[in-house]
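Please build the complex by placing chain B on the supplied structure of chain A, with the hints as guidance.
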Amino acid sequence: MLMVGVGGQGVILASDGMGEIGMNNGYDVKKSDTLGMAQRGGSVVSHIRWGRQVFSPMIKKGNVDFLIGFEQLESARWAPYLKSGGVAIVADVTVVPVSVVGSTMSYPSWEEIEGILSQHTHQTYLIPASRIATQAGNPRALNMVMLGSLSVFLELETEAWTETMRRRLPPKFVESSIEAFMRGADEVKAVIQAKEIKK
Amino acid sequence: MKKLLSGNEAIALGAYHAGVVVATAYPGTPSTEILENIARMDGVYAEWSTNEKVALEVGMGASYGGVRALVSMKHVGLNVAADPFFAVSTTGVVGGLVIVSCDDPGEHSSQGEQDNRHFARIAKVPMLEPTDSQEAYELMDWAFSISEEFDTPVLLRSTTRISHCKTVVDVTKERKADLRQPGFIRSPEKYVMVPSNARVRRHAMEERIKKLQAYVEDFPLNQMLLADRRLGVISDGVAYQYAREVFSDASHLKLTTIYPIPANLIRRFAREVERVVVVEELDPYLEDEVRRLGIAVTGKEFIPIIGELNPEIVEDGAIQAGLLSASPKPPPKSRRPAPQLPPRPPLLCAGCPHIATEFALRRLGFYNPNPNEELSLKRKIPAQLKKGGLIATSDIGCYTLGVYAPLFALDTCACMGASIGQALGLEKAGVPNKIVAVIGDSTFMHSGITGLIDVVYNEGSTTVIILDNETTAMTGHQGHPGTGISAKGTKAGMVKLEALARGIGVNDVNVVDAFDLALIESTLSRCIENDEPSVIIARGPCPLRVKSSGKPFKVDSEKCNSCYACLRIGCPAISVSGDKAWIDAGLCVGSGCGICAQVCPEEAISESKE
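Protein chains in written order, with the working numbering: chain A, 1 to 199; chain B, 1001 to 1610.
This is chain A alone, in the form it adopts within the complex (with noise of 0.2 Å):
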């Protein structure tokens, strides 16, 4: 999977988390961040691979299963590397860069960074991550959302992703984490539902 953001978001913090759950769960794992030079505000990439026996850190274009964008520039950025039919998981968040303060390009669309896509799959979420981190209690546990939408996909026990938060989490954030995470898994289950009545 391919987690994307901007720097200060907690991209890294949950990628670390989700390599520790794989290793804790029996999988063989590699993680590797990519950060820009700037300290803050650049472009952070996070691949993280699970399997019996993973080789490379890096994962070709075309083939990530989870893209989980924590902003929605990124997300496009990033999105020729899904593989046709992957998840494209993206937080409505939106961070503007100066390259569009007085210049000819702007900041694109949902609807455009939609059509971008759903190039490489139809199977998208967009989800409103800060205000459930707020409703949470926390509004910078936006990165425990995204966990929390993610983990519908993957069979694992929830005990699995809570213990890791317990573990890693300073304390006085847990409760507030886990309870973003419960609620980022929920609306992408409401989601799921809704298409599926649709049907």
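I should point out that these hints are in silico values taken from the structure, not numbers from a laboratory.
Please note that the accuracy of each hint is not assured.
Once the Cα atoms are required to be at most 20 Å apart in a straight line, the calculated EDC-like pairs of lysine to aspartate or glutamate come out as [as the list claims (entries may be wrong)]: (1) B:LYS1002 to A:GLU20; (2) B:LYS1434 to B:GLU1529; (3) A:LYS83 to B:GLU1245; (4) A:LYS60 to B:ASP1249; (5) B:LYS1491 to B:GLU1047; (6) B:LYS1002 to B:GLU1174; (7) B:LYS1434 to B:GLU1315; (8) B:LYS1124 to B:GLU1174; (9) B:LYS1002 to A:ASP28; (10) A:LYS83 to B:GLU1315; (11) B:LYS1003 to A:ASP33; (12) A:LYS61 to B:GLU1274; (13) A:LYS60 to A:GLU112; (14) B:LYS1002 to A:ASP16; (15) B:LYS1491 to B:ASP1042; (16) A:LYS60 to B:ASP1316; (17) A:LYS60 to B:GLU1245; (18) A:LYS61 to A:ASP33; (19) B:LYS1003 to A:GLU163; (20) B:LYS1124 to B:ASP1249; (21) B:LYS1003 to A:ASP28; (22) B:LYS1300 to B:GLU1113; (23) A:LYS60 to B:GLU1315.
Chain B in isolation, oriented as in the chain A frame:
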């Protein structure tokens, strides 16, 4: 116990378990986390050294003193440390001495790309290279043993992907209980490299390499894997992982002893397979070594010599070379070129203390790449030069980002400390412009001091701006001699920049508030007109280290006339909403900064009340 560790964490833990007693480093991506991790371990003396040369000299002394020492640095750090590196190769060691060089293929965060495997050969120092964190952990123990057994420093080479990737490590050991005891045994023929002694040691070096050539033949972490004999792939480092993935059916030879190479093992492998190829990042180092053995081999014909590899690049090269057949399926839709999306260029942070100084340089007469753009000003600049009248030589650090839009404030960036010598050279060449050298506090300590001494001695008139954010910011806030904070986070000795500059003999030393644009401009205007050397220390803390921030600034949209002067400072907190300037209150650091308010000609920006 299984742990998910980055290569750097594994190197630190491996060294710790191998009984390292002294660890030194100068921060540099991608090597920094090695010392950061070791500094947290009990029973190890860890220091941020002033630069890599000093780091290695401290490591050398510790080794002479009988204990195990680890010295870590980025690839270009070994250039700085090259002198002691060659010297300690000549003297040899007592306690194991391991030098870790972390190369940065693809220049993620470096001024250049270089393949430090060559360093091993020219310095005649054995080199090991891991292919993942597990090997990084295990190789540390081997490295220290080899160092002591063969009386040699050992180079361990990592790369960005090895250092920063996390892979599963089976942690099998604990810290050695029987550490070597410190003590110095006088031995001038080993430690005093006057020519008569050095000539003797020179022979010892060659004998050592011969013994090592035999030793590496059976090294257990080199691995031959025979499968489909039609293709045999030799690889090292992270390239091995890509090779295993791309050539999944082929035979493989994984090398972890890079200098010297296991010649007989390679010959044996070559006999087992029909065709030999090498997959390696950067230079054809292994390929040349294999060819020297008289083996027909290819590699760089289809694997790029420039930049970082990944499985895609290796696969594309293999298809091109006819080693793999192109996928019979039509290329997936996902291979279509990505649409034009706005990039996210690196920027200085909101509240960065470098912004005002770099903006002042631009206003004072810097070349303006966009002639249509007028910098709106609310004050007259004290003594503005003709546009293009100022040259700003620069150095390595966050402030180098000021070369990008919208600051466009810098003319050079080469290597640590170069800005000052470059400025003097431009002056002595007779270039008529005013010349300013821009350097950070940590970089000045690292290697700017000798440049400034040169300016004083040779009677230059350079103005040196030391951007003092009181930390080594770009690599993640490490201490340096000017901070008074040690690698372990405790109080340490402190070298004051202003006292140092005066001590060197600079009479015109100024300390200014890095957020006071008017003061920076007036001081700079005066100093560049001065015929003697001058130093301006622009002091202000890195905003990422300041815990409490004041009330954010806001734009009064009634007063804003959309001149966008505030956008010219390149603060990421400022953008446009509608057609008015807008400040993101979540990013703005507030009271401590306020540079935007200082540049607004309409006085439309002020601190918010709540």
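Do the hints match the structure? See the list:
no. : hint                   : verdict
1   : B:LYS1002 to A:GLU20   : holds (10 Å)
2   : B:LYS1434 to B:GLU1529 : holds (8 Å)
3   : A:LYS83 to B:GLU1245   : holds (17 Å)
4   : A:LYS60 to B:ASP1249   : holds (18 Å)
5   : B:LYS1491 to B:GLU1047 : holds (12 Å)
6   : B:LYS1002 to B:GLU1174 : holds (14 Å)
7   : B:LYS1434 to B:GLU1315 : violated (52 Å)
8   : B:LYS1124 to B:GLU1174 : violated (31 Å)
9   : B:LYS1002 to A:ASP28   : holds (11 Å)
10  : A:LYS83 to B:GLU1315   : holds (17 Å)
11  : B:LYS1003 to A:ASP33   : holds (18 Å)
12  : A:LYS61 to B:GLU1274   : violated (31 Å)
13  : A:LYS60 to A:GLU112    : violated (24 Å)
14  : B:LYS1002 to A:ASP16   : holds (15 Å)
15  : B:LYS1491 to B:ASP1042 : holds (17 Å)
16  : A:LYS60 to B:ASP1316   : holds (11 Å)
17  : A:LYS60 to B:GLU1245   : holds (10 Å)
18  : A:LYS61 to A:ASP33     : holds (16 Å)
19  : B:LYS1003 to A:GLU163  : holds (16 Å)
20  : B:LYS1124 to B:ASP1249 : violated (36 Å)
21  : B:LYS1003 to A:ASP28   : holds (11 Å)
22  : B:LYS1300 to B:GLU1113 : holds (17 Å)
23  : A:LYS60 to B:GLU1315   : holds (10 Å)
The structure does not agree with the numbered hints 7, 8, 12, 13 and 20 stated previously, though it agrees with the rest.
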